[in-house]
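Heads up: the protein sequence lines correspond to chains A and B, in order. Sequential numbering of the first sequence, starting at 1, is according to this note's numbering. Sequential numbering of the second sequence, starting at 1, is according to this note's numbering.
Hint data in this document are derived by calculation from the structure and do not stem from the laboratory. Since this is a predicted model, take the numbers as computed values, not measurements. C-beta atoms are modelled at their ideal positions from N, C-alpha and C, and glycine is treated no differently. Some hints here could point you the wrong way.
[To be verified] Below, simulated SDA-like cross-link-like pairs (lysine to any residue); rule was C-alpha separation at most 20 angstroms, straight line: (1) B:103 <-> B:288; (2) A:145 <-> B:406; (3) B:428 <-> A:72; (4) B:428 <-> A:77; (5) A:8 <-> B:425; (6) B:428 <-> A:62; (7) B:247 <-> B:285; (8) B:428 <-> A:80; (9) B:103 <-> B:245.
[As the list claims (entries may be wrong)] Pulled from the structure, derived: some chain A residues nowhere near chain B, Cβ distances all over 10 angstroms: (10) 98; (11) 119; (12) 149.
[What the hints assert, rightly or not] Counterexamples of contact, computed for chain B against chain A with all Cβ distances above 12 angstroms: (13) 32; (14) 141; (15) 224; (16) 405; (17) 439; (18) 472; (19) 483.
Each chain is listed here by its residues.
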Amino acid sequence: MNIRVRNKKDFAAGAMFIAVGAVFLAIGSEYDLGSATSMGTGYFPILIATLLLVIGVIVALASLFIEGQGIDAVEPQSLTLVLGALVLFASSLDSLGLMLSTAILVFVSSLASGRFRIAEILGSVLVIMIFAYVVFAYGLEIPFKLWPWET
Amino acid sequence: MELIDNLGLGFSVALSLVNLTYCFFGVFIGTLIGVLPGIGPLATIAMLLPLTFGMEPATALIMLSGVYYGAMYGGSTTAILVNLPGESSSVVTCLDGYQMARKGQAGKALAVSALGSFFAGSVATLVIAAFAPPLVTIAIKFASVEYFSLMTFGLVAAVVLSRGSLLKGIGMVVMGVLLGTVGSDPHTATHRFTLGFPELAEGIGFVPLAMGMFGVSEVLINLEMKDGRQVFTDKVRGLWLTLADVKAAAWPVIRGTGLGSVLGVLPGGGAILSSFASYTLEKRLAKDPSRFGKGAIEGVAGPESANNAGAQTSFIPLLTLGVPGNTVIAVMLGAMILHGIQPGPQFMIEHPDLFWAIIVSMWIGNLMLVVLNLPMIGIWVRLLSVPYRLLYPAILLFVCIGVYSINHSVFDLFLVPIFAICGYLFVKIDCDPAPLLLGYILGPMMEENLRRAMLLSHGDWTVFLTHPISLAFLLLSMVLLVLVIVPTIRSKRIDAFTE
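If we strip away everything but chain A, and leave its shape as in the complex, we get:
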């Protein structure tokens, strides 16, 4: 019989379950297991991880036999820009303060839509910076470091 991956989505899902289950099993086996009556740290996680592993195997196996759709293409540009913007925000918040981090976040993530003009992006950055200041720093008084020169 011809064995091939008929359902790519399910195969990926099954692989994911197997991977996650295996990782938790590996780490979890180092913890104290205990017994059913007196459960240790590792008892419940290992139980669940095993269950996940089994489900993963079933899903992956089924995907070899049952037809399904392929996975839609992934668009790396907008992904990297948005996720990158978030990472940049997180990295710069403590050093550069809220205002500049916000500017970076808005600027980089706006590029992801692919339909922007620079003037529009800069305008958006300004508006959102003002909004952030008014609502979060002034209105809700969340203690942020606002600018790089503050401590």
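We have chain A; now place chain B onto it with these hints.
Below, chain B without anything else, positioned relative to chain A:
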């Protein structure tokens, strides 16, 4: 009568200026995000959570619940005017609501939707007020065994109602439970799966997980869909209903309310299930079913009432049992815990003022919403013309600030993109992240109950079958699973979602 006393207690708390203000704030934001596609009550409530820290628990919960049922109202507006469901529960409203708009009857659709929702909201409030106390008296007898089985039933129900295949849904739930074990072992406080990160000692933050997996991933997915939107922004006239309209809509509203009230209580139930069920019912009962899909007022009246009733009654399991029935309610549970309230049957007994204030404020919120929605339609409509590319950077900022403000932890901020890419990939492989969130929230509670149950039974696993209530929940779970596996039901499930 005790009911009147309880409602009176609720009003005395809910009618304070602070609570009224935040109730308004909540339903306003709810309507706003309901109108805007691309951001839903789940993400919004999670985002607003950190902002509620300074508030009294009553105020916080009143505001957050306002966001949920407010979104039901807002979602209808977009569905009718743009043929885009602002909320998943408004998908059905698109079918006939948009057609009514095309025939120039947008005003009628909006009016019937708002008034039907108000009726449903009022009735649902009474339902909760009437049924919660007896439920609590039953639930208070629940022990660990019953709770474990109840939660299992809740998770199974969540899977059954999720997108994608049943098996993958179960996998997602299990994975969620597994993620919930990260942190400290509840019994001995040993660090588990923390990979050396002290920030993970309290577990993976609930807000970063929810925001990343639902909020940001939503943005990522929306950015991929580059289709333009056609908005029906011509002046919405005629917000009046003729007597004929009222006659036509009356029974669907009543039936929708009833359906929503019942289905909302079930685990996995809530607004979405109720609206779908109502549409199917109305179509089946109509004298001329062919009118449906072409602008039948019943197709708007029924589902709109149902989704409101469903949204409100889905609070019942939360308030009486302490077990969330769907993901939005799960977030509300998180909110309660964050405010130091222990959810469960004792909640009503220990905090009656808070309990009844929440229930009463739902009705107050509904009243505010009818006022907000009918006259202010023009404003909401204009909002719809704001292009998404201007909105989403602001959404991302709200997410970041919200996440950061919980623990002032940059680590949490880094978790967001990690979960965002996970959420995005999940959608790509047709795995619904909602069951994962539910599993993650219920997981620790289930572990605790399982441990206690086993301790008390000295390791005897059959105890789940020998306790009658527990057996009932487990049997119900089996029944649900079987019902889904049977092909005809399964195709109906897919039909409901693709229609």
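Inset, instruction - Would you pick out the hints that fail for this structure and give their numbers low to high? - result: Violated: hints 10, 15, 16 and 17.
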